[in-house]
Amino acid sequence: MITQIDNPILEIHDLIVSYDQSPVLWNVDLSLPSGKLIGILGPNGAGKSTLIKAIMGLVTPSGGYVKIFDKTLEQVRSKISYVPQRESVDWNFPASVLDVVMMGTYGKLGLFKRPGKKEKEIALSCLDQVGMMSFVNRQISELSGGQQQRVFIARALAQEADLYLMDEPFAGVDMSTETAIFNLLKEMTAKGKTVIVVHHDIHSAMNYFDWIIMLNLHLVASGPTDEVISEELLRKTYGGKLNLLTKVTDLIKQKDFNPLKN
Amino acid sequence: MEDFLYFFTFQDSSIAFVVIGITLLGLGSAYVGTYSFLDKKALLGDAISHAVLPGICLGFILAGEKNPIYIVSGAFLSGALATFLTSWIRSNTKLSEDAIIASILSIFFGFGVVLLTVIQKSGNPEMAGLNQFIFGNAIAILEEDLYIYGGLAVLIIITLTLFQKEFSMLVFNPDFGRAVGYPMGLIRLIFNVLMILAVVIGIQAIGVVLMAALLITPGAAARFWTDRLHKLLIIAGLFSVISGIIGTYISFVLPQMPTGPWVVVCLSLLALISFLFAPKKGVLSRTIARQSYLKKTNRDHLLKALHHGLENGKKYLSIEEIYESFPYQISKIKQSIDDLIKSGLITKNQKLIILTDEGKSEAKRIVRLHRLWELYLNEYMNIAPDHVHDTAEKLEHILTPEVEALLEKRLNFPKLDPHQENIPRDYDDL
Chain A
0 MITQIDNPIL
10 EIHDLIVSYD
20 QSPVLWNVDL
30 SLPSGKLIGI
40 LGPNGAGKST
50 LIKAIMGLVT
60 PSGGYVKIFD
70 KTLEQVRSKI
80 SYVPQRESVD
90 WNFPASVLDV
100 VMMGTYGKLG
110 LFKRPGKKEK
120 EIALSCLDQV
130 GMMSFVNRQI
140 SELSGGQQQR
150 VFIARALAQE
160 ADLYLMDEPF
170 AGVDMSTETA
180 IFNLLKEMTA
190 KGKTVIVVHH
200 DIHSAMNYFD
210 WIIMLNLHLV
220 ASGPTDEVIS
230 EELLRKTYGG
240 KLNLLTKVTD
250 LIKQKDFNPL
260 KN
Chain B
0 MEDFLYFFTF
10 QDSSIAFVVI
20 GITLLGLGSA
30 YVGTYSFLDK
40 KALLGDAISH
50 AVLPGICLGF
60 ILAGEKNPIY
70 IVSGAFLSGA
80 LATFLTSWIR
90 SNTKLSEDAI
100 IASILSIFFG
110 FGVVLLTVIQ
120 KSGNPEMAGL
130 NQFIFGNAIA
140 ILEEDLYIYG
150 GLAVLIIITL
160 TLFQKEFSML
170 VFNPDFGRAV
180 GYPMGLIRLI
190 FNVLMILAVV
200 IGIQAIGVVL
210 MAALLITPGA
220 AARFWTDRLH
230 KLLIIAGLFS
240 VISGIIGTYI
250 SFVLPQMPTG
260 PWVVVCLSLL
270 ALISFLFAPK
280 KGVLSRTIAR
290 QSYLKKTNRD
300 HLLKALHHGL
310 ENGKKYLSIE
320 EIYESFPYQI
330 SKIKQSIDDL
340 IKSGLITKNQ
350 KLIILTDEGK
360 SEAKRIVRLH
370 RLWELYLNEY
380 MNIAPDHVHD
390 TAEKLEHILT
400 PEVEALLEKR
410 LNFPKLDPHQ
420 ENIPRDYDDL
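Read top to bottom, the protein sequences are chains A and B.
The first sequence begins at 0 in numbering that gives the first Met the number 0 and counts up by one.
The second sequence begins at 0 in numbering that gives the first Met the number 0 and counts up by one.
The set of hints was computed from the structure by calculation and includes no laboratory data.
Honestly, I wouldn't trust all of these hints.
[As the list claims (entries may be wrong)] Dumping the calculated DSS-like pairs for lysine-lysine here, alpha-carbon to alpha-carbon at most 30 Å:
| # | chain 1 | residue 1 | chain 2 | residue 2 |
| --- | --- | --- | --- | --- |
| 1 | A | LYS116 | B | LYS408 |
| 2 | B | LYS39 | A | LYS107 |
| 3 | B | LYS350 | B | LYS333 |
| 4 | A | LYS254 | B | LYS408 |
| 5 | B | LYS313 | A | LYS252 |
| 6 | B | LYS230 | A | LYS119 |
| 7 | B | LYS93 | A | LYS112 |
| 8 | B | LYS40 | B | LYS279 |
| 9 | B | LYS295 | B | LYS333 |
| 10 | A | LYS117 | B | LYS230 |
| 11 | B | LYS333 | A | LYS107 |
| 12 | B | LYS408 | B | LYS303 |
| 13 | B | LYS40 | A | LYS112 |
| 14 | A | LYS112 | B | LYS408 |
| 15 | B | LYS93 | A | LYS246 |
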């Protein structure tokens, strides 16, 4: 069940991504509406993070393309914000909460230039939005998982973008922080921003998201939440074994080259 | 003393030059090294510093003399080749990074030593002093060398300062940098070039074998003192400059002494001092914190014992009774008694120990925390009453008034703990 959209904010066309020899995304083809809170669901190793990284140009696809606002990534980069997985960085890095949030302003600031008063004000107001004002000068390693997640979201807000891509912002977060983050995302979409979130919990996903993408190496579904959540599609995403796909992956691994690469 | 004054008053302009040179070198290498230490690439610095040796020798063979431009270029090129090979092998084979770095280091250094031996056998009269490049000799630096080494050091310091936010992003979160459109590949390349340059400028003064220490140790030692990048860079630079100047002074006073090893000895000493005595993260301050915590637990246990006495209708305990309830800890208990008398929580009358009003309230507080925690474990975590004592015994010393208020509220101001003992409140009369 894949719903396509006219004038999409994001269009992914026949995207294939492989790591070394093994394909992790097969022919993902979808288009997404703007101003919605969109969830990417799927089991571990389904390629959820890879999809986001491919949209952000952090992994090079073997085939297909991504268009954002009907343009290439390079043309609209300043309108897109990215929240990486919390575990992907070393939180022992000697920096304060404010230092990390200021990084959100670096894109617009450009190379060489030092952040100044204006950037600091942006960062502070973003910290206020995520309720972390009292932690401005805290060393980042002293934060709890939920607080680190909020710092990353504040950094994304500081980018002042229109499209937000977040990799597991609810991972390692307690219930009250989860609700707070969710309400913040709701506010953002109410202002016309589009937020795409990698998520792992199906039950909360049903309540949270306007639109759901289900992924398990290939695209299972993409559409409005109430149309997509069905037992059959969930079984396809989480339950069904992809024997055939796995066999083909093994075949490709045995070759010395990747036939899917252009 | 005469030497000391002669050296540090810079009467000799060549000494002043050497000190300026070693200061710039120290700052530059500590600056680059701190970033590579934070990036967990310390081993790469070691590999590069060993890998410049064949380049130095080839530069010498081509020039036929110790021409600094040939030597610096040769060193830079072989360092760059080693860095490139390391990343090329990593992306094209399945070998692990430590194996690659260890092989590159030993292959390049081995080849360098072979070349050095060839040069020494050749009988070229200019070759004297070439093996100074192995352990370094800052005093032998000539003025013309200094312009090159010092100039490169200034270049490193300026570039790092200009690119500060870019390099921080490279170390902390390069993916985010790419996502906001920064050319992270180019920034990594510039950083690697600076790293090689930092090694190259140190070859004359410190030597190839020990240059890695000057890169990594200052940052690692400074990390004990601060959690902020700016301060970290300043402290690392300071450590590096101090060690550099002391090492140079020793080679000046004892002409046969190579500089590199002495710089490293000083640096190691500073690192050891940091490890032992740095506030908060040092071993000493952690030990002191632990000791004072243990003393507090001893005092708390004594107060509790006196409280139990009150619960059983005894208004005081004799010192003998106290010793009996804490066998093997008599010296600690004596200390606790003295401390508690000083803080006015107990009084000692002849050999009888009595709680003051203040002491009663403090003793009740500890017993209350203990029993509240037991009740919480029992009610909310479904732990049997005979399993709750041990954790309560540990947590009663650290639970804050804030947590206490939460516990009281959550448990609805309970009267009895899981063992049916009274949870004492301040208004209770004992």
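Results for each hint:
1. LYS116/A <-> LYS408/B: Violated, at roughly 44 Å.
2. LYS39/B <-> LYS107/A: Holds, at about 29 Å.
3. LYS350/B <-> LYS333/B: Since the Cα atoms of LYS350/B and LYS333/B sit roughly 12 Å apart, the hinted pair holds (cutoff 30 Å).
4. LYS254/A <-> LYS408/B: The hint is violated at about 66 Å.
5. LYS313/B <-> LYS252/A: The hint is violated at about 80 Å.
6. LYS230/B <-> LYS119/A: holds, 20 Å
7. LYS93/B <-> LYS112/A: Roughly 39 Å separates the two Cα atoms, so the pair is violated.
8. LYS40/B <-> LYS279/B: Answer holds: LYS40/B to LYS279/B is near 26 Å, not above 30 Å.
9. LYS295/B <-> LYS333/B: Given pair LYS295/B, LYS333/B holds - Cα atoms ~13 Å apart, limit 30 Å.
10. LYS117/A <-> LYS230/B: holds, 24 Å
11. LYS333/B <-> LYS107/A: violated, 66 Å
12. LYS408/B <-> LYS303/B: holds, 24 Å
13. LYS40/B <-> LYS112/A: The given pair, whose Cα atoms are some 27 Å apart, holds under the 30 Å limit.
14. LYS112/A <-> LYS408/B: violated, 53 Å
15. LYS93/B <-> LYS246/A: With a Cα-Cα distance of about 23 Å, the restraint between LYS93/B and LYS246/A holds, given a limit of 30 Å.
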